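Sequence order for the protein chains is A and B.
With the first letter of the first sequence counted as 1, position 83 gets the number 83 in my numbering; the numbers rise by one all the way through.
Numbers given in my numbering equal positions in the second sequence, counted from 1, plus 381.
Because the hints were derived from the structure by calculation, they are not lab data.
All of these numbers come straight from a predicted model, not from anything done at the bench.
Glycine included, every Cβ here is placed at the ideal spot set by N, Cα and C.
It cannot be assumed that every hint is accurate.
[Stated by the list, open to error] A few chain A residues facing chain B, derived, Cβ under 10 Å: (1) 75; (2) 78; (3) 82; (4) 98; (5) 99; (6) 100; (7) 102; (8) 109; (9) 110; (10) 111; (11) 122; (12) 170; (13) 265; (14) 327; (15) 328.
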Amino acid sequence: MIPQAAGRPAGGERTPSPEATAERVAALDMRGVTKDFGSVRAVAGVDLQVRRGEFLTLLGPSGSGKTTILKLVAGFEHPTSGQILLDGEDISRLSPAERGIGVVFQHYALFPHMTVRDNIGYSLRRRRWSRERWRERVRDTLRLVRLEGYEARYPRQLSGGQQQRVAVARALAFHPRLLLMDEPLGALDRALRVEMQEELRRIHRESETTVVYVTHDQEEALALSDRVAILWEGRLQQVGAPRDLYRVPANRVVATFFGECTLVPARVVTRHSEETVVVAALGRQVVVRLGGAIPAAAALLVVRPGRIRLRPARDDLLLSVTIRDVLYLGDVVRVVCESDVAGQVLVSADSDAAMGLAIRDSLTVGFAPADAVAVSVTEPA
Amino acid sequence: MTPRRGLRALLRGLYVGVLTATVVFMLAPSVVVVLLSFSNDSFMRLPPTGWGLRQYVTLFGSREWLEPFVRSLTLAIWTALVAVPFGLAAVLGVHRTTAPGRSLIRVLGLAPLLIPSIAYAVALYSLLARARLLGRFEGLVAVHITLALPYVLLVVGAAITRVPRELELAAQSLGASRVRAWLDITLRLLLPAIAAAVIFAFIGSFDETIITSFLSGTGFVTLPVAIFNNVRYGVDPVITAIATLLTAGTGLLLAINAALRRAR
Numbered sequence: 001m002i003p004q005a006a007g008r009p010a011g012g013e014r015t016p017s018p019e020a021t022a023e024r025v026a027a028l029d030m031r032g033v034t035k036d037f038g039s040v041r042a043v044a045g046v047d048l049q050v051r052r053g054e055f056l057t058l059l060g061p062s063g064s065g066k067t068t069i070l071k072l073v074a075g076f077e078h079p080t081s082g083q084i085l086l087d088g089e090d091i092s093r094l095s096p097a098e099r100g101i102g103v104v105f106q107h108y109a110l111f112p113h114m115t116v117r118d119n120i121g122y123s124l125r126r127r128r129w130s131r132e133r134w135r136e137r138v139r140d141t142l143r144l145v146r147l148e149g150y151e152a153r154y155p156r157q158l159s160g161g162q163q164q165r166v167a168v169a170r171a172l173a174f175h176p177r178l179l180l181m182d183e184p185l186g187a188l189d190r191a192l193r194v195e196m197q198e199e200l201r202r203i204h205r206e207s208e209t210t211v212v213y214v215t216h217d218q219e220e221a222l223a224l225s226d227r228v229a230i231l232w233e234g235r236l237q238q239v240g241a242p243r244d245l246y247r248v249p250a251n252r253v254v255a256t257f258f259g260e261c262t263l264v265p266a267r268v269v270t271r272h273s274e275e276t277v278v279v280a281a282l283g284r285q286v287v288v289r290l291g292g293a294i295p296a297a298a299a300l301l302v303v304r305p306g307r308i309r310l311r312p313a314r315d316d317l318l319l320s321v322t323i324r325d326v327l328y329l330g331d332v333v334r335v336v337c338e339s340d341v342a343g344q345v346l347v348s349a350d351s352d353a354a355m356g357l358a359i360r361d362s363l364t365v366g367f368a369p370a371d372a373v374a375v376s377v378t379e380p381a
Numbered sequence: 382m383t384p385r386r387g388l389r390a391l392l393r394g395l396y397v398g399v400l401t402a403t404v405v406f407m408l409a410p411s412v413v414v415v416l417l418s419f420s421n422d423s424f425m426r427l428p429p430t431g432w433g434l435r436q437y438v439t440l441f442g443s444r445e446w447l448e449p450f451v452r453s454l455t456l457a458i459w460t461a462l463v464a465v466p467f468g469l470a471a472v473l474g475v476h477r478t479t480a481p482g483r484s485l486i487r488v489l490g491l492a493p494l495l496i497p498s499i500a501y502a503v504a505l506y507s508l509l510a511r512a513r514l515l516g517r518f519e520g521l522v523a524v525h526i527t528l529a530l531p532y533v534l535l536v537v538g539a540a541i542t543r544v545p546r547e548l549e550l551a552a553q554s555l556g557a558s559r560v561r562a563w564l565d566i567t568l569r570l571l572l573p574a575i576a577a578a579v580i581f582a583f584i585g586s587f588d589e590t591i592i593t594s595f596l597s598g599t600g601f602v603t604l605p606v607a608i609f610n611n612v613r614y615g616v617d618p619v620i621t622a623i624a625t626l627l628t629a630g631t632g633l634l635l636a637i638n639a640a641l642r643r644a645r
């Protein structure tokens with residue numbers, strides 16, 4: 001019914017200057033990469049470009065293929081088909097050692113029989129650096145991760161957070177062309193995780209390394225990334241800056257996985273422009289933004305919690321709801337409602353605006369058509 | 382005293398009793414043998430009428446015991462030297478490759494441990510007889526290597542499961558070839574287990590009596606078989622000295638093993 005809109009660039013990404021972009025070869029360029037394990041297709045035709053110096057996160061639930069992609073890039077697995085290019089060079093057939101890519105593993109994988117110095121210096125000794133040079137580089141990388149003076153310790157003498165820093169230092173010591181991180185904060189407790197997120201951003205800035213980061217935690221992806229690539233069942237769903245993914249999700253998977261939302265059923269009436277569509281929803285016909293290709297007439301309007309108003313404005317689309325729960329979170333209140341039309345409706349409102357709301361109250365909430373995005377009901381195959 | 386306390390005291394008494402009995406039953410015969418080795422009597426008698434080093438003097442003065450001892454030592458050293466690299470290769474193949482037949486190796490490797498010794502001995506006897514290897518070093522060393530393999534597979538196999546695969550991958554991503562990663566990381570972390578496997582293979586071979594007595598004929602009588610034969614035709618008190626030395630030697634090896642384990 002509606003022509004494909006998927007080719008449209010996500011737009012609004014943090015790109016420096018046009019000249020720099022023109023000069024650039026993508027640091028990592030995956031072309032139609034597919035990986036089968038027996039009859040299971042773990043990664044299906046992934047095309048992905050990572051820019052030099054970028055922090056890109058592969059986000060997806062477990063089993064979505066994100067770790068497999070990491071292994072393919074690192075060289076621990078080989079693609080069934082497709083190409084992987086690093087700085088324009090095809091590395092698909094190279095061994096991990098030949099690729100010169102740093103890897104930070106989920107459980108750090110520090111060598112238990114080596115000191116911190118020998119762990120970090122391992123890559124440099126493999127490259128036959130002189131003793132003075134590699135030891136100096138170890139000191140520099142330890143300074144980068146703020147662990148000066150820990151050279152002589154063994155991994156077992158370090159806390160989880162410190163081991164994490166050593167793992168990062170070890171992966172960065174040889175100036176890798178690319179740094180891969182596989183859920184590196186998964187094993188840390190929450191407070192430490194938040195602290196390490198800031199540290200990773202700083203280390204990324206200071207080391208100017210291109211980073212591909214894997215996680216299933218969308219908050220982590222939001223906090224860290226320049227761009228996020230969302231994976232689901234081995235397929236890339238959407239790539240873009242966190243803000244764009246949140247505001248204009250390409251499909252239902254992205255909308256529900258990347259942040260919370262309310263889904264309102266709608267019917268596509270006609271295409272309005274390149275990026276907009278006319279839909280019939282909640283008894284009216286309105287023009288809304290198009291998230292991605294919609295193959296049939298049935299569609300869903302995605303509305304974020306902060307865009308739904310407890311006191312609707314004049315031109316809002318209206319939803320009658322019953323309040324199921326009210327959660328006070330300080331400055332904001334989350335109101336969980338239920339509607340016959342849209343199922344669960346999530347509203348995030350100012351604490352003052354929510355004064356006097358009680359569970360089981362019925363009311364009418366609304367949202368501006370401009371705050372809704374139309375996506376397909378079915379998942380892209 | 383409440384009933385519950387009484388029960389607890391009873392259980393505690395039972396525990397101490399069983400523990401003591403176990404230790405006594407296991408250690409008492411060895412203690413008796415060690416004591417007897419320092420007797421100066423010309424036949425075994427408890428308690429001895431005189432104390433001294435007579436048994437040890439006789440032992441070191443005769444060739445009768447020295448030759449079997451050297452044979453056993455040679456056999457045990459060769460067994461350990463061959464079985465451990467073989468077993469190590471099998472463990473790496475089973476745990477670190479996708480080679481076909483891995484589970485078969487796992488099962489077959491343990492077979493010598495599961496088949497009753499006496500049945501195994503009879504089967505090997507006919508096999509070695511046909512190959513004209515009865516009473517020869519070559520035949521016995523092959524058999525002892527086979528018998529030692531399960532210990533190597535068990536000890537090293539258990540250790541490799543505690544060496545995460547990721548360590549090898551990490552080394553590779555840092556610039557090590559696959560072989561280099563095996564040497565620097567996996568093999569290095571397996572060293573204590575490999576040392577333990579060497580010790581177990583050595584002790585296992587040195588100590589093996591049943592199967593060896595079938596296969597040694599008259600040409601290659603090992604120390605345990607010589608002791609066994611000696612005991613069958615009358616008891617020479619010299620064997621108490623041999624037994625004491627063997628116990629001490631085994632204890633020393635196990636102590637080394639324990640020390641290695643603690644070191645890492």
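Legend entry - Violated hints - listed by number, lowest first: The structure breaks hints 2, 3, 13, 14 and 15; every other hint is satisfied.
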